[in-house]
Amino acid sequence: MTEYHDPSNVVNPEHSDHHIVTPVTYAIVFVSLLVGTAITVVAAYIDLGIFNPVVALAIACTKAVIVILFFMHVKYQSKLVKLTVGAGFFTFLVLITMTLTDYVSRAWGLWS
Amino acid sequence: MDNATVVTHPHTHETAVAAEHEHVALPQHRHHFETPEQQREAGTFGMWLFLLTEIMFFGGLFFAYLLYRNWYNPAFVAASNQLSIPLGAANTAILISSGFFMALGVWAAEVRKKGLLVIFLVLTTLFGVAFLGIKYVEYHEKWEKHHIPGASFDVSEFVNPHAYGLKEQPLAPDMAQKTQVFFFLYFAMTGMHALHMIIGIVLLFWLTWRANRGEFSAGYVAPIENFGLYWHFVDIVWLFLFPLLYLINRHPV
Amino acid sequence: MHISPVLWQFLVKWLNASALFPREASTIAPYADALYFFLLLITVIGLTLVGILIFGFSIRYRKEKHPVAIQVEGSTLLEATWTIIPLALFLIVFVWGALLYFRIYNPPTNAMNIYIVGKQWMWKAEHPGGQHEINALHVPTGRNVQLTMISQDVFHSFSIPDFRVKREVIPGRYSTVWFNATTPGTYHIFCTQYCGTNHSVMIGEVTALSPDDYQKWTQESTSGMSLAQNGERLFASMGCNACHSGSAAARGPNLAGVYGSKLQLTSGSQVLVNDAYLRDAILNPSQHITAGYAPIMPTYQGQISEDGLIDLVEYIKSMQSNYRVQQTLTTSESNQAAPTTPGVVKP
Amino acid sequence: MSATHTILNLPDQRTATLPKRTYLNNEDGLLSWLFTGDHKRIAMLYLISITFFFFIGGAFAGLIRLELLTPQPDLVAADTYNKFFSMHGIIMIFLFLVPSVPATLGNFLIPIMVGTKDLAFPKINLLSWYLYWIGGIFTLAALVLGGVDTGWTFTTPLSTHYLNTHVVTAATGVFIIGFSSIFTGLNFIVTIHRMRAPGMTWFRMPLFCWSNYAASILMVLGTPVLAITLVLVALERLVGIGVFDPTKGGDPLLFQHLFWFYSHPAVYIMILPGMGVISEVISTFSRKRVFGYTAVAFSSVAIALFGFFVWAHHMFIMGVSNYSALVFSLLTMLVAVPSAIKIFNWAFTLQKGSITFETPMLYAFGFLGLFTIGGMTGVFLGALGMDIHLTETYFIVAHFHFVMVGGMLMAFLAGIHFWWPKMTGRMYPESLSKLAAVTTFIGFNLTFLPQFILGYLGMPRRYHAYPPEFQVLNVLSTAGATVLGVGYMLPLLYLAWSLKYGAIAGNNPWQATGLEWQIQSPPLTENFIEIPIVDHEAYDYEWLEHKTAHEVTTVG
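Chains as they are written, first to last, in this note's numbering: chain Y, 32 to 143; chain D, 682 to 934; chain P, 8 to 354; chain B, -13 to 542.
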């Protein structure tokens, strides 16, 4: 690789090919997103206790992952882009969890 | 152009279309990239990094929501129930459709179908505008009910719901005040989202105009692709906002 | 030296009056200083080490002496050394610092309590006996003193450098700090959190008195009404006694002896009743409904000052029976029932 | 190998002439600068801009020190003083330190170092400079309209409910500068990932690229959180909605969490690029590969990663839970380790080298000493119990000035001197610049060492007046600030002088190995006539010698 002139980075592991997603795939994704929306509305009317928000968030995450993978072509992208997307959500989780360490533990010792 | 002298690499592309544009010196190819391929990948990667900043931007708001929802759950439940699920669900469907047409638009650009591309972009725009229209109706209702945080915010509907014909549990006055926090977060989050939509729609007009001139039907699709990423990201934000804001504890108490 | 005697005298005085190291005037100070000197020591050692390396190599391998560089890739052993040794030192510092932190922020149970209210730009100290002070604080030596502090407006920070204690004074929430003064004398109180225009005049003096002097001071400066007495009057005038009468049919829970107990809430959780809980239950009652009672208590947010809240909290803390509550209820003019003393500063 | 091949010869410098065509004279006219896409020109625009703001911020620092000469509040009124230190903080942090090395040296050098013609997005790079100025103008407007006195931390509820100064204007300014910073970082990341020359693998990149890459990650991921926080502050102020207002149920600590989530990583945004400069300088003037290249490279990334986990150590006494404070203190101790690794690696780079003491090297030595003190005093503040006494006093002021001014500014000046020949084609005057380096070092220590003592005595920061027993140390500090001011004025003067009268530098006056030294100085607009193929490791001085010898034979 050192001697080889590789301007397009094709032998670079960070590279991936340009993949064209077909309308059929898009249509399947579209329908599944609509179904997901319907399920989440229906689930909201069923009493699941503390699982209501869990279910709602699980569906929302699934939908988001589908959009990211197919509409946003991440499934067909290089490892670099996948890593980038992962890094974004990782940092978001750092923000949430590390801040929560404060809020959750503030009342420790007061509540039993 | 320097890419004319580039040694062709042994790699072959799966689709003829992609392989074809590989060897064409595009007018949009900028001098400091060695190949259009490199330029395209740099563009996509750059766009993703920008979306990363957007994740963190909304991330702050999402955390504020998470915190206050836990602290003031009854207020959040009561205030959330004032939002209209039919409108919210309709808006979700509309936004998904808009995203679907955007995705089709990217496809149309990649297979170089100018007519289809323009049609899809127009449809994307129309659905985007429809979303904002419904959002306006919802905002207007909040305005009339004095549910906009600030000096004129009115909590009487939550303290005494039966007088307003609502089947809610009445909230204690101190808790009712906290509905203002919910509505602020509602307006901040959906407002920030709507702002992104408006920016997107302005860009869509510009892109449609350029697409109509045939700029994106000769193998140069980066602007359409990257705008698509932005538009889908805005969709994703809404996919979370809808359940979080509209669907807190909807089941009959 | 032809330095003028006047100038010389001035210089000597100036230098004598200046401080280089703070006094150690509390039981915590030696602990803090010990860690400080340990940290200084490792800083000096580290700095010396880096200095020796840089100057040593610079002299030994300067170009005149060592014209051709010898390339060295690195050394895993050396790098492991300067990863692990600093890490170990820092972990020691962490543990030591954490122990000190808990020593400063965990008040002992037998501490006497003084309330501090911070506002732009002054400190108000309220002693349980009813002594009110502004920008001053009198404490006895040799006793554990806990400060329960709250801010009326913005963040302030209550700092007594000679005691090595400091804590942020937060709007809307009690924070506590404690100390045990060892030496009689006066010490600075600073507000160390930037709090607006006159931040730098939000200073005061803490006077540590020997127990006898302190006793004298408390008697001389009392306002005639303790905090609890003020609280009792407020309790009646705000109508709290109407519901919290302690009788079986009362609409509000019995408050006698509630302080320090564990309370069962309607939300199902148990909570320890402390100062912070009492304050919050007055301002945001619906989040703290005792099991078995309806959420009918109105909020007192904005209707009662922090000083008033302190009075109420102190009163509820001191309540052992409901006898006086019921007494005031039966007296029609309950407001005048409590004695009023001239000179009492009421918010 | 013989001594004839060492830096002593400076073979190309004696006969050097300025190249006819450079990026500086490629196009003429002001507009060709204002609409340029050339990363080198944008770097120069940034250099002029940040120098401008540095001296404004410096003027405020001077006024602050002047006021503190006496214990009495006698020079200015209290609120004026508060506006001074607020402006000093906002300008120095957001308009100078954050863009200092990345936007000037990074912009200029990263594309050349990785062997490409420009940054990935030249137009976004230019946009970043314009955003910087729009933000700068908002900040200046806040200043001219009457100032802002929140401190650079915009602490709520003070900033939202209790001040009637131009908080929103200043916040808007910082918000916009944030985007400028994001775009710079984004450009660096894409360039380093996507535009490296053939053969330029990750571990052949100069460490300057690594550290800027790490800083860029922090910029991209951290800055937006500051942006949304400032939006919330502005909304709270304008509409009064209560997310940070305790009387309405908000939590003022939430602001602190969100603010420090950016502002702690921001410290690493400021210092990491400076560390990159130091790696280059020390390697070049000891003619030796950086000791433990991989460790130094990874420690930059480790700092960037850990940097996101430690922010609450700014809030130990502010009412975070004790348990949370424990976690954050422990993580703080961990983030100190990579910095320690770097210090020792730099020191050992000198070992068995062939060391010369040009001005950049003097600044780098200054950096090593001052950054060691700055870093170690950071450990004081990361230790929970010690932090209680030290935080919010002059100790903390001294600590971050040791890191930011003693560390970052020293590194920045080292870098400016080091690459000045490359940027302008001319040498700076050596003896004068050595004098400046020594003056800066002495002035700096005189200014900030007394502040450590003041801090342990308990003198609070941001105090307009103070008890008289603190005066001696404050007088020392002010005296030092005067010396420091001279130390900073000198480079401004002689560097400007050298633009016209400096000796012509030639391509590689330091005989350094980076790609930027293998091209003409000042470089061509497109940097390279043809894209280089990299076949050697970073800091390979033997490769350089072979290359030079080869050139001599072919020419001769």
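The hints are simulated quantities; they were obtained by calculation from the structure and are not laboratory data.
Every value quoted in this text rests on a predicted model; they were computed, and no experiment measured them.
Glycine included, every Cβ here is placed at the ideal spot set by N, Cα and C.
One or more hints might be untrue.
Stated by the list, open to error - Derived contacts from chain B toward chain P, CB cut-off under 10 Å, selection only:
{"hint": "1", "residue": "LYS6"}
{"hint": "2", "residue": "ARG7"}
{"hint": "3", "residue": "LEU10"}
{"hint": "4", "residue": "ASN11"}
{"hint": "5", "residue": "LEU131"}
{"hint": "6", "residue": "ASP135"}
{"hint": "7", "residue": "LEU149"}
{"hint": "8", "residue": "PHE292"}
{"hint": "9", "residue": "TYR449"}
{"hint": "10", "residue": "GLU455"}
{"hint": "11", "residue": "GLY473"}
{"hint": "12", "residue": "TYR474"}
{"hint": "13", "residue": "MET475"}
{"hint": "14", "residue": "GLN506"}
{"hint": "15", "residue": "LEU510"}
As the list claims (entries may be wrong) - Below, a list of computed lysine to any residue pairs in the SDA-like style, where the Cα atoms sit at most 25 Å apart:
{"hint": "16", "chain 1": "B", "residue 1": "LYS234", "chain 2": "Y", "residue 2": "TYR134"}
{"hint": "17", "chain 1": "B", "residue 1": "LYS234", "chain 2": "D", "residue 2": "PRO755"}
{"hint": "18", "chain 1": "D", "residue 1": "LYS795", "chain 2": "Y", "residue 2": "TYR134"}
{"hint": "19", "chain 1": "D", "residue 1": "LYS823", "chain 2": "D", "residue 2": "SER833"}
{"hint": "20", "chain 1": "D", "residue 1": "LYS848", "chain 2": "Y", "residue 2": "ASN83"}
{"hint": "21", "chain 1": "B", "residue 1": "LYS420", "chain 2": "B", "residue 2": "PHE284"}
{"hint": "22", "chain 1": "P", "residue 1": "LYS269", "chain 2": "P", "residue 2": "SER252"}
{"hint": "23", "chain 1": "B", "residue 1": "LYS234", "chain 2": "D", "residue 2": "LYS795"}
{"hint": "24", "chain 1": "B", "residue 1": "LYS420", "chain 2": "P", "residue 2": "GLN153"}
Interface hint for B/GLU455, Cβ within 10 Å of any Cβ on chain P: Holds, about 5 Å.
Per the CB criterion, is B/LEU10 less than 10 Å away from chain P? At 33 Å from the nearest chain P Cβ, B/LEU10 fails the 10 Å test, so the hint is violated.
Hint validation: B/PHE292 versus chain P, beta carbon distance must be below 10 Å. Holds or violated? Where the cut-off is 10 Å and the nearest Cβ of chain P is about 13 Å from B/PHE292, the hint is violated.
Tell me if the straight-line CA distance from B/LYS234 to D/LYS795 falls inside 25 Å. This hinted pair is violated, its Cα atoms lying about 55 Å apart.
Regarding the hint that B/TYR449 lies at the interface with chain P, is the smallest CB-CB distance below 10 Å? 4 Å, holds
With chain P as the partner, please determine if B/GLY473 meets the hint condition of a C-beta pair closer than 10 Å. Status violated, d = 21 Å.
D/LYS848 and Y/ASN83 were given as a pair; does the straight-line alpha-carbon distance stay at or below 25 Å? 21 Å, holds
Take the shortest C-beta to C-beta distance between B/ASN11 and chain P; is it under 10 Å? Since chain P brings no Cβ nearer than about 36 Å to B/ASN11, farther than 10 Å, the hint is violated.
B/LEU131 as an interface hint toward chain P, with CB separation required under 10 Å: 18 Å, violated
Identify whether the interface hint at B/LYS6 stands, where standing means a beta carbon of chain P within less than 10 Å of its own. It is violated, given that the least Cβ distance between B/LYS6 and chain P is near 34 Å, above 10 Å.
Pair hint outcome, B/LYS420 versus B/PHE284 [Cα-Cα no greater than 25 Å]: Violated: B/LYS420 and B/PHE284 sit about 32 Å apart, past 25 Å.
Restraint status (C-alpha distance of B/LYS234 to Y/TYR134 at most 25 Å): Given that 25 Å is the threshold and the Cα spacing comes to 18 Å, the pair holds.
Consistency with the previously given hints fails for numbers 1, 2, 3, 4, 5, 8, 11, 12, 13, 14, 15, 18, 21, 23, 24, ordered from lowest to highest.
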